[in-house]
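Number of protein chains: 2
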Amino acid sequence: MSDFKFTVHTSSTYCKARTGTVTTSHGEIQTPIFMPVGTQGSVKAIEQQWLKDIGSQIILGNTYHLSIRPGIELLREFGGLHKFMKWDKPILTDSGGFQVFSLKDLRKITEVGVQFRSHVDGAKLFFTSEEVINIQRHIGSDIMMVFDECTPYPCDYDYAKKSMERSIRWELRCLEAHKTQPLLYEHSQALFAIGQGSVYPELRKMCLEELCNHDFDGIAIGGLAVGEPAENMYEIVDKSTDVIPKEKPRYLMGVGTPQNILRNIALGIDMFDCVMPTRNARNGTLFTTTGRVNIRNNQNKNSHEPIDAGLDNALSQTYSRAYLRHLFMANEIVGLQLATIQNLNFYLWLVKTAREKINEGTFTTWANSFINEFYPETRVSA
Amino acid sequence: MSDFKFTVHTSSTYCKARTGTVTTSHGEIQTPIFMPVGTQGSVKAIEQQWLKDIGSQIILGNTYHLSIRPGIELLREFGGLHKFMKWDKPILTDSGGFQVFSLKDLRKITEVGVQFRSHVDGAKLFFTSEEVINIQRHIGSDIMMVFDECTPYPCDYDYAKKSMERSIRWELRCLEAHKTQPLLYEHSQALFAIGQGSVYPELRKMCLEELCNHDFDGIAIGGLAVGEPAENMYEIVDKSTDVIPKEKPRYLMGVGTPQNILRNIALGIDMFDCVMPTRNARNGTLFTTTGRVNIRNNQNKNSHEPIDAGLDNALSQTYSRAYLRHLFMANEIVGLQLATIQNLNFYLWLVKTAREKINEGTFTTWANSFINEFYPETRVSA
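First to last, the protein sequences are chains A and B. Our numbering puts the first residue of the first sequence at 1, with every later residue one more than the last. Our numbering puts the first residue of the second sequence at 1, with every later residue one more than the last.
There could be a bad hint or two in this list.
[What the hints assert, rightly or not] According to the in silico footprint, chain B covers these stretches of chain A (three or more CB under 8 angstroms from chain B): (1) 46 to 59; (2) 71 to 82; (3) 311 to 321.
Just so you know, the hints here were simulated from the structure itself, not pulled from any lab data. Ideal placement from N, C-alpha and C gives every residue a C-beta, glycine not left out.
Work out the full structure: start from the sequences and follow the hints.
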């Protein structure tokens with residue numbers, strides 16, 4: 001019935017890195033992949049044709065935001081988000097869990113679900129497993145995510161355990177809801193589970209073992225990059241990818257810096273998403289093939305250097321850093337566009353290069369040297 | 001010496017409309033033309049390649065803004081604005097006069113020039129004819145504008161006369177400064193005069209007759225679209241184009257609505273610039289081939305209609321009005337981009353169609369019917 005498929009091609013000899021292909025109704029995704037975040041049906045500051053031009057293979061939409069604006073009735077009338085936003089490649093939707101749990105003071109969690117208030121008009125909303133699947137069915141994403149609780153950091157063991165167990169129950173209700181409802185549009189939708197358990201390896205293991213007993217199309221690792229030290233994150237990812245069966249795509253949610261991405265690829269992660277490249281672009285922080293650049297910095301004032309000579313992209317090659325700096329100093333919108341294109345292009349270049357190096361058997365050497373030379377910083381993405 | 005040339009092709013039998021070609025060192029401009037405004041070295045919200053794709057033949061830069069940011073030293077180091085912003089087609093720079101005179105309480109006018117304060121850091125600045133030419137020489141625009149005083153509306157006769165006479169003296173100093181300095185870059189620069197005289201036809205005539213005695217490459221009509229009734233503007237333009245010799249390109253500064261443009265083409269204007277299409281785009285007001293659209297309006301909520309089915313542009317054809325409305329409601333930057341592209345594309349379509357109709361001999365009929373059907377409003381652009 002489902003068009004969804006995952007095939008592993010090459011696995012590294014020196015680490016757990018691997019290349020593969022995820023197949024969806026809207027085409028293939030070469031992994032490891034970075035997925036630009038398009039919260040409200042638009043990847044901020046970059047139009048869809050440009051997104052394609054820089055090689056985006058899949059983008060994210062956000063269930064919570066899209067359910068509020070434009071709303072599921074309108075999406076249904078348009079035949080789903082792909083048609084509404086004119087994006088014919090794959091879309092993954094998160095479950096809204098992360099956003100709901102960010103609204104700390106505005107929500108109430110029960111076994112049934114979460115009651116909270118809309119950030120737009122304060123209206124009372126109630127998210128349950130069934131509702132979250134229903135919304136994603138109307139969005140028509142190729143990959144849906146289960147509803148879960150993303151615990152904060154730090155989180156005490158008892159709460160992390162209680163929450164993780166409840167998340168599993170919610171996730172199984174999502175699977176049930178997904179299986180028992182007919183397709184809304186003419187393409188199939190996959191469903192990924194999300195492992196939780198905070199920074200406690202035994203909870204993580206317990207959670208993933210249970211989830212992997214069920215028929216999810218892929219497994220995500222959630223609840224990381226929420227403030228924990230980077231080494232905690234790597235430890236949890238390492239132990240998690242040991243538990244998740246090799247034939248399932250593994251998605252690390254909300255991560256991260258270029259270093260985070262390469263190190264997690266080495267730990268066996270196939271899919272990433274993060275607002276870092278797009279959000280930082282709008283603040284004037286560029287990610288380039290030769291490191292981070294604060295474009296507003298005075299040292300770029302007279303720089304004839306292209307935005308990024310290392311990227312095969314007309315815009316990054318054409319415009320000078322001095323010009324881009326000028327656009328930021330003068331608050332010109334085109335600055336946000338150019339910086340966004342640069343950063344996403346860099347992230348897509350990073351995972352593409354990782355795929356090539358894995359296939360060539362030189363990933364570990366290349367990744368270590370690239371990190372040491374250009375991205376030695378150890379922060380975890382916010 | 002100069003590459004500048006203007007050739008009239010077809011003149012309408014029923015009105016003063018005409019088609020022509022302006023030749024500059026950076027290529028030809030087919031007139032009547034609309035020139036998108038790129039105040040600070042960027043046409044707001046549209047990247048240069050897109051500007052070209054929608055058929056922009058020439059853009060504006062602003063002398064005052066560019067002198068403050070990025071400054072003339074940097075522009076000189078980059079070899080001028082064309083190279084700095086990577087725009088290889090013609091550029092026209094206004095003289096800064098309009099901006100300086102907008103700073104009502106911050107300036108002091110003397111015979112020598114105008115003292116005022118920077119809107120960025122409050123620094124004291126002094127603009128004279130010689131300085132304004134010097135700045136434009138560093139910018140390297142293909143068409144420079146003289147320094148003048150743009151009088152407000154209303155303006156009493158005595159002040160309008162005194163100011164107009166001083167403007168003429170300033171303009172002749174500009175011409176002198178221009179002729180006596182060598183070229184800074186490898187291309188030539190033309191200089192246009194600006195007629196003033198508020199809404200007094202005899203002052204306008206006096207001013208233009210004097211200016212046309214000198215060797216300016218083109219003649220602009222300034223000081224209009226500053227709050228006067230539309231019929232005043234048309235009367236002044238009509239009388240002005242009777243005075244300006246046919247062989248000079250005529251540029252009406254800061255105008256206007258689609259109706260304003262067509263009616264002024266009928267009165268013999270060749271060149272237009274206005275922030276209307278770009279500024280309105282960012283407020284969600286679209287100009288389309290079937291009239292004005294407030295995209296935020298609730299009636300667009302479910303609209304499957306393309307942004308503008310009448311324009312030969314992938315973006316205007318691809319995206320629905322409902323999607324563009326959603327982007328505006330959700331404050332997405334891509335909404336500003338799509339609306340800007342639509343509006344500039346429409347303005348360029350408007351003048352292109354005007355050129356075709358003039359050449360076919362059907363301009364008057366077409367323009368009247370287009371105005372009546374789609375742009376009957378009588379406002380003058382702000």
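Do the hints match the structure? See the list:
1. 46 to 59: Coverage by chain B holds for the region 46 to 59 of chain A (3 residues, Cβ < 8 angstroms).
2. 71 to 82: holds (count 3)
3. 311 to 321: holds (count 5)
Violation of the numbered hints given earlier is absent; every hint is satisfied by the structure.
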